[in-house]
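Visitor: Sequences listed follow chains A and B, in order. In terms of the numbering used here, the first sequence opens at residue 1 and continues consecutively. In terms of the numbering used here, the second sequence opens at residue 115 and continues consecutively.
Just so you know, the hints here were simulated from the structure itself, not pulled from any lab data. Some hints here could point you the wrong way.
Said to hold, decoys possible - Lysine-lysine pairs mimicking DSSO-like chemistry, simulated, CA-CA at most 27 Å apart: (1) Lys88(A) x Lys194(B); (2) Lys40(A) x Lys88(A); (3) Lys194(B) x Lys40(A).
Stated by the list, open to error - Now the in silico label distances, taken between C-beta atoms and shown as ranges: (4) Val69(A) x Leu128(B): 23 to 33 Å; (5) Ala102(A) x Ile180(B): 36 to 46 Å; (6) Gly125(B) x Ala102(A): 16 to 26 Å.
We put the CB at the ideal spot given by N, CA and C, even for glycine.
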Amino acid sequence: MLLEILIGLLLLGGAAFVLLGSIGLARLPDFFMRLHGPTKATTLGVGALVLASLLHVGTEEGTGGLREVAVMLFLFITAPITAHLLAKAAQAEERRRTATQAGGTLPDGGKGTG
Amino acid sequence: MLTLTLPIAIGAVLLAMALNLWRMAIGPTRPDRILALDTLSINTIALVMLLDIALGSVVYLEAALILAAMGFVGTVALCKFILSGDIIE
Chain A
1 MLLEILIGLL
11 LLGGAAFVLL
21 GSIGLARLPD
31 FFMRLHGPTK
41 ATTLGVGALV
51 LASLLHVGTE
61 EGTGGLREVA
71 VMLFLFITAP
81 ITAHLLAKAA
91 QAEERRRTAT
101 QAGGTLPDGG
111 KGTG
Chain B
115 MLTLTLPIAI
125 GAVLLAMALN
135 LWRMAIGPTR
145 PDRILALDTL
155 SINTIALVML
165 LDIALGSVVY
175 LEAALILAAM
185 GFVGTVALCK
195 FILSGDIIE
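With these hints in hand, go ahead and build the complete structure from the sequences.
Guide: Structure (structure tokens):
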């Protein structure tokens, strides 16, 4: 019973964080602000949902475990990498746009150095 | 407890996916759309996890693992495309 309450709380909390991340993605005004919602809130929410699944399946069937942890670990490792790459891509895109607005072209074609 | 919280969680994740689709439709820039696609794939993993709990089986975990790997690789490829114009340098 206590475990079921814990699973329910993890489900509600995880779903709330997932929804919050997507609301941030949909509502915030600037791309670099919008990057915050999905990369932090959604990752935490999915982590809580995976933990709930781990507890539920582990107690119901006595199996599972390592694969859920693998999913969670993979998500937690890849989220900062995608955020970093997306920020770099957005910077390059913005640099390219300002260059075309000014009428000239950048010497490196707007690729950036990083 | 689960019969009450599971539909609420599934509804919240589905609403989040609808918001992602809206952001992917309105853009306005290409990184916005890539970010929305990445979030959509992560939300799909959450939905698969909820399905796992609802059906009480571990069969769908492999699907979640593959979705995680494919979503990451796809996002990295799209970002590399925007950064340098091609994917493999």
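Visitor: Now tell me if each hint is right for this structure.
Guide: Hints versus structure:
1. Only pairs whose Cα atoms come within 27 Å are accepted, and Lys88(A) paired with Lys194(B) is accepted, the gap being roughly 9 Å.
2. Under the criterion of a C-alpha separation no larger than 27 Å, the hint pairing Lys40(A) with Lys88(A) is consistent with the structure, at around 17 Å.
3. Of the pairs offered as hints, the one joining Lys194(B) and Lys40(A) holds, with about 22 Å between alpha carbons and a cut-off of 27 Å not exceeded.
4. Against the hinted window of 23 to 33 Å, the Cβ-Cβ separation of Val69(A) and Leu128(B) comes to about 26 Å, which satisfies the hint.
5. Separated by about 45 Å at the C-beta atoms, Ala102(A) and Ile180(B) satisfy the suggested range of 36 to 46 Å.
6. For the pair Gly125(B) and Ala102(A), the beta carbons lie near 48 Å from each other, so the given range of 16 to 26 Å is not met.
Consistency with the previously given hints fails for number 6 only.
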